[in-house]
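Each chain, written out:
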Amino acid sequence: MANRISDETIEYVGILAKLELSGEEKEQAKLDMGRMLDYIDKLAELDTTDVEPMSHVFPVENVFREDVVTNGDERERLLSNAPQEKDGMFVVPRTFE
Amino acid sequence: MNIVDMTATRLAEAIRAGKTTAVEAAEAVLARIEEEDKKYNCYVTVDRDGALAQAKAVQGRIEAGQLMGPLAGVPVAVKDNICTEGLLTTCSSRILYNFVPTYTAEAVKNLQKAGAVILGKTNMDEFAMGSTTETSAYGPTKNPRNTAHVPGGSSGGSAAAVAAGECVYAIGSDTGGSIRQPASYCGVVGMKPTYGTVSRYGLIAYGSSLDQIGPLTKDVTDCAAVLEALSSHDTKDSTSVFRKDTDFTSALTDDVEGLRIGIPNDYLGEGLDDEVREAVLAAAKVLEKRGALVERFDLSLVEYAIPAYYTIAAAEASSNLERFDGIKYGYRAQEYAGLHNMYKKSRSEGFGEEVKRRIMLGSFVLSSGYYDAYYLKALKVKALIKKAFNDAFAKYDVILGPVAPTTAPKLGESLADPIQMYLGDIYTIAVNLAGLPGISIPCGEDSKGLPIGLQLIGDCFQEKKLIRAAYTYELCRNNF
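So the protein lines, in turn, are chains D and F. Letter by letter, the first sequence follows residues 0 to 96 of numbering that gives the first Met the number 0. Letter by letter, the second sequence follows residues 0 to 479 of numbering that gives the first Met the number 0.
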């Protein structure tokens with residue numbers, strides 16, 4: 000396998016992905032990602048010199064509108080989905096002492 | 000008159016003619032769900048009371064002459080990644096186990112304007128990531144044609160519900176084949192429109208540059224009618240395209256005279272099941288007999304579509320799924336130490352294996368040091384694939400091929416080897432990369448009695464050519 004994913008890489012990807020993996024899950028993720036990257040490496044066979052990367056298939060332009068509020072006040076309804084709320088606000092764990 | 004066996008347009012006709020009512024139709028389909036869904040698990044949520052209330056209101060408007068359209072009063076199932084105000088929307092994920100949207104997706108609103116009655120929300124692969132509906136946190140859906148087999152995915156619940164008569168038609172979403180492949184496995188019609196044709200507002204995003212909502216129906220006539228109702232220009236979706244040619248039902252004509260059809264040799268090669276190949280080529284012969292000009296050609300680059308797709312889709316997914324953090328909605332871990340640990344634990348406990356796998360891959364290919372080699376490279380390959388299709392559509396009106404290399408696999412056989420599962424998307428995935436429309440229609444059965452799907456692919460905005468060819472084929476098939 001060409002792509003050997005190091006412990007550091009998996010650790011780093013875990014931080015980026017905001018995922019906490021158990022030891023066993025990390026080993027599996029190393030294996031899975033290595034295999035997947037080996038497979039994706041197939042793209043390197045193609046010469047893409049002077050090819051512009053295509054993010055959208057149509058020429059998409061920014062869509063502008065006047066900065067006017069069109070939706071109503073949905074605070075209560077939005078907050079009703081929150082795992083924890085208090086006095087009209089989302090409750091989050093303490094972030095500083 | 001057996002309501003659960005009727006197509007949407009026939010049922011609406013019967014309702015308009017006063018032979019039945021929207022309420023009777025909803026009751027009949029809800030009774031079918033009650034009887035059958037324990038076997039198939041098509042639905043995550045059935046909104047019995049809501050459906051009956053909608054049916055009553057719609058019937059009133061039909062009788063008042065306010066609703067005359069070809070779908071008025073017809074019950075529909077909605078994939079569980081499409082937001083419905085006040086109705087649980089889980090994406091078949093634990094992380095959204097209790098999420099009740101405060102708004103309705105534009106596509107669903109368009110159906111409601113056409114007089115649709117929403118029955119409930121259908122099962123899917125978690126966050127639409129999968130090809131079998133087995134990655135759902137709420138258990139797999141089974142194929143109504145043979146319950147030992149998967150219905151396909153990710154819109155497996157929608158396809159199975161149509162096949163089982165647990166709805167009259169359904170909508171799903173297609174990021175790499177997620178409408179067309181389950182339609183093929185369940186023996187129904189499914190269509191992915193040109194990117195930008197149906198608003199993505201209210202569709203919970205997976206790969207935003209690839210996702211499109213589309214119909215799953217019993218026949219091509221319904222498919223055209225539903226697509227016509229779904230399509231609209233929406234300023235709330237910045238990738239929505241303004242089209243004047245969305246009168247798709249006008250293309251329901253029995254005529255393929257002179258239509259140029261290309262069959263990619265690359266779609267008939269290694270890995271394709273013999274019975275599928277035979278059925279697809281027989282369908283091509285039918286169209287040829289009706290006057291289409293059928294030819295083989297080399298599309299090229301087909302084997303690069305899957306690695307390019309999984310790079311781009313994973314990258315977009317890793318970004319799109321950052322919003323699930325246990326704060327604003329959905330699952331929050333019970334035990335944690337501080338804010339960041341809460342994020343991590345909520346996500347790790349809330350997401351399933353396949354979703355985590357793709358988020359990790361996506362985070363990796365977007366990370367500094369790897370961005371150019373993987374993500375940017377995939378976007379360049381996407382440009383090459385688009386060009387290959389442009390060259391093909393300079394010669395052909397329609398590309399014809401299989402939907403999937405095999406018929407529906409058995410339950411429990413696909414998830415162990417992700418790459419093998421991804422290879423099953425080989426004929427559908429490039430269509431999303433290039434933003435093209437594609438339709439899947441039944442074209443036979445294999446020796447086990449499992450449905451085989453025929454795929455027709457058109458150039459951007461050429462849905463009408465697909466509908467015309469599919470409709471012509473369907474009429475011939477019914478006359479066999």
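It is possible that some hints are incorrect.
Now the in silico label distances, taken between C-beta atoms and shown as ranges [what the hints assert, rightly or not]: (1) H232(F) / M88(D): 19 to 25 Å; (2) Q419(F) / Y11(D): 41 to 47 Å; (3) N80(D) / R47(F): 21 to 27 Å; (4) D272(F) / N80(D): 43 to 49 Å; (5) D246(F) / E7(D): 54 to 60 Å; (6) L422(F) / H55(D): 23 to 29 Å.
In silico DSSO-like links for lysine-lysine, alpha-carbon gap of 27 Å or less [as the list claims (entries may be wrong)]: (7) K17(D) / K327(F); (8) K108(F) / K41(D); (9) K394(F) / K447(F); (10) K327(F) / K85(D); (11) K463(F) / K37(F); (12) K327(F) / K235(F); (13) K41(D) / K112(F); (14) K447(F) / K38(F); (15) K243(F) / K112(F); (16) K41(D) / K29(D); (17) K409(F) / K37(F); (18) K112(F) / K55(F).
Under 8 Å between C-beta atoms, here's a sample of chain F residues computed to sit facing chain D [said to hold, decoys possible]: (19) R47; (20) K288; (21) S317; (22) R331; (23) L378.
Hint data in this document are derived by calculation from the structure and do not stem from the laboratory. We put the beta carbon where it would ideally sit given N, CA and C, even for glycine.
Each hint tested on the structure:
1. Distance hint for H232(F) and M88(D): a CB-CB separation of about 37 Å, inconsistent with the stated range 19 to 25 Å.
2. For Q419(F) paired with Y11(D), a C-beta distance near 28 Å fails the hint of 41 to 47 Å.
3. For N80(D) and R47(F), the hinted distance range of 21 to 27 Å is satisfied, since their beta carbons lie about 23 Å from each other.
4. A C-beta distance of roughly 45 Å is found between D272(F) and N80(D), which places it inside the suggested range of 43 to 49 Å.
5. Checked against the hint of 54 to 60 Å, the pair D246(F) and E7(D) passes, with Cβ atoms roughly 57 Å apart.
6. In this structure the hint that L422(F) and H55(D) lie 23 to 29 Å apart at CB holds, the actual value being about 26 Å.
7. With a C-alpha separation of about 16 Å, the suggested pairing of K17(D) with K327(F) holds against the 27 Å cut-off.
8. This hinted pair does not check out: K108(F) and K41(D) have alpha carbons roughly 43 Å apart, beyond 27 Å.
9. Distance hint between K394(F) and K447(F) is unfulfilled; the C-alpha atoms sit about 37 Å from each other, more than 27 Å.
10. Between K327(F) and K85(D), the direct Cα distance comes to roughly 13 Å. Compliance with the 27 Å bound is thereby established for this hinted pair.
11. Between K463(F) and K37(F), the direct Cα distance comes to roughly 38 Å. Violation of the 27 Å bound is thereby established for this hinted pair.
12. Under the criterion of a C-alpha separation no larger than 27 Å, the hint pairing K327(F) with K235(F) is consistent with the structure, at around 21 Å.
13. Only pairs whose Cα atoms come within 27 Å are accepted, and K41(D) paired with K112(F) is rejected, the gap being roughly 47 Å.
14. Restraint check for K447(F) and K38(F): satisfied, since their Cα atoms lie roughly 20 Å apart, inside the 27 Å limit.
15. Taking the CA atoms of K243(F) and K112(F), the gap is near 19 Å; set against the 27 Å cutoff, the hint holds.
16. Taken as a hint, the K41(D) and K29(D) pair is honoured in the structure, with Cα atoms around 19 Å apart against an allowance of 27 Å.
17. Taking the CA atoms of K409(F) and K37(F), the gap is near 19 Å; set against the 27 Å cutoff, the hint holds.
18. As the CA atoms of K112(F) and K55(F) are separated by approximately 15 Å, the hinted pair is consistent with the 27 Å bound.
19. Because the smallest distance between the Cβ of R47(F) and any Cβ of chain D comes to about 22 Å, over 8 Å, the interface hint for this residue is violated.
20. Hint status for K288(F): violated, given a least beta-carbon distance of 34 Å to chain D, over 8 Å.
21. A cut of 8 Å between beta carbons decides the hint on S317(F): the least distance to chain D is about 6 Å, and the hint holds.
22. Annotation: interface hint on R331(F) holds; nearest CB of chain D at approximately 4 Å, less than 8 Å.
23. At about 3 Å, the closest approach between the beta carbon of L378(F) and any beta carbon in chain D falls short of 8 Å, and the interface hint on this residue holds.
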